[in-house]
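A.B. asks: Sequence:
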Amino acid sequence: MVRQEAPSDLGGVWTHAHQQAAASNISVLLGDDHAIFAEALKVRLGREADLHPISIAYDAEQVRARVTRDRPRVVVLDIALAGVSGVALAGHVREISPETRVVILSGVEPATAIVAAVRCGVRAWLSKTVRPDDLVRAIRGVARGEAWFAPDVLGQVLTALVHRAPETPGALAALTPRETEVLQCLVNGMTRDQIARGLHLTTNTVRTHIQNLLAKSGVHTTLELTALAFRHGFRSTQR
1 MVRQEAPSDL GGVWTHAHQQ AAASNISVLL GDDHAIFAEA LKVRLGREAD
51 LHPISIAYDA EQVRARVTRD RPRVVVLDIA LAGVSGVALA GHVREISPET
101 RVVILSGVEP ATAIVAAVRC GVRAWLSKTV RPDDLVRAIR GVARGEAWFA
151 PDVLGQVLTA LVHRAPETPG ALAALTPRET EVLQCLVNGM TRDQIARGLH
201 LTTNTVRTHI QNLLAKSGVH TTLELTALAF RHGFRSTQR
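Quick note on numbering: the sequence shown equals residues 1 to 239 in the UniProt record's numbering.
Heads up, a few of these hints could be off.
[Stated by the list, open to error] Listed below are the simulated DMTMM-like cross-link pairs for lysine to aspartate or glutamate, each with C-alpha atoms no more than 25 Å apart in a straight line: (1) Lys128 - Glu181; (2) Lys128 - Asp152; (3) Lys216 - Glu181; (4) Lys42 - Glu99; (5) Lys128 - Asp33; (6) Lys128 - Glu61.
Please keep in mind that the hints were generated in silico from the structure rather than gathered at the bench.
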């Protein structure tokens, strides 16, 4: 992107608009040791006005260095990066930059592997043959704090998480009435936008409630949070 100077007659108006646009950008780091694939993916994602800047790391060391330096909002990792597990690397990314969301691109993997990835902070697990438009939607979704998993594995992953959900004493005992409502909406499979409309809240308020729920429950993703809720007796009220 070419940096432009603000015209003198626009001054603060241009600067405010520029800052708003920058705030809406989703910075993306692609971690893949297949250079041709990574470069092609960068070109495709670069067509989206809100995905910027986009950078590439070709090995685990570069991923860690770029995450440390740039704190990207989303990291898209191959399942194996120059011999290093993408799942293990996702854990390192979370330690370096807790606000960075991780998407894994992989082939067919057992649900146990995906569950392990979720526990390492992975927010989305997609096939490497996924349609580019679907990957774009997933990147935007995880940037908003959502989880993205293929329908054919989501049920298996949620079931595994329910049976293996970590027990945090009193994890759901100190919720406010509104937090309980938000949690029930998550159990019902509602997105943040749907929760906001259903409870007459702003999406930012819903985001804050979910962050509080994650902090109180001791888990890292909404998928784990939903599994924990099932474990504590919550059930979907959707018909």
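A.B. asks: Does each hint fit the structure? Answer for all of them.
C.D. replies: Okay, the hints, checked on the actual structure:
1. Straight-line distance between C-alpha atoms of Lys128 and Glu181 comes to about 36 Å, which puts the hinted pair past the 25 Å bound.
2. Only pairs whose Cα atoms come within 25 Å are accepted, and Lys128 paired with Asp152 is accepted, the gap being roughly 15 Å.
3. Proposed proximity of Lys216 and Glu181 is supported: the alpha carbons are some 15 Å apart, at most 25 Å.
4. A C-alpha spacing of about 22 Å is found between Lys42 and Glu99, which places the hinted pair at or below 25 Å, so the restraint holds.
5. Taken as a hint, the Lys128 and Asp33 pair is honoured in the structure, with Cα atoms around 13 Å apart against an allowance of 25 Å.
6. Only pairs whose Cα atoms come within 25 Å are accepted, and Lys128 paired with Glu61 is accepted, the gap being roughly 22 Å.
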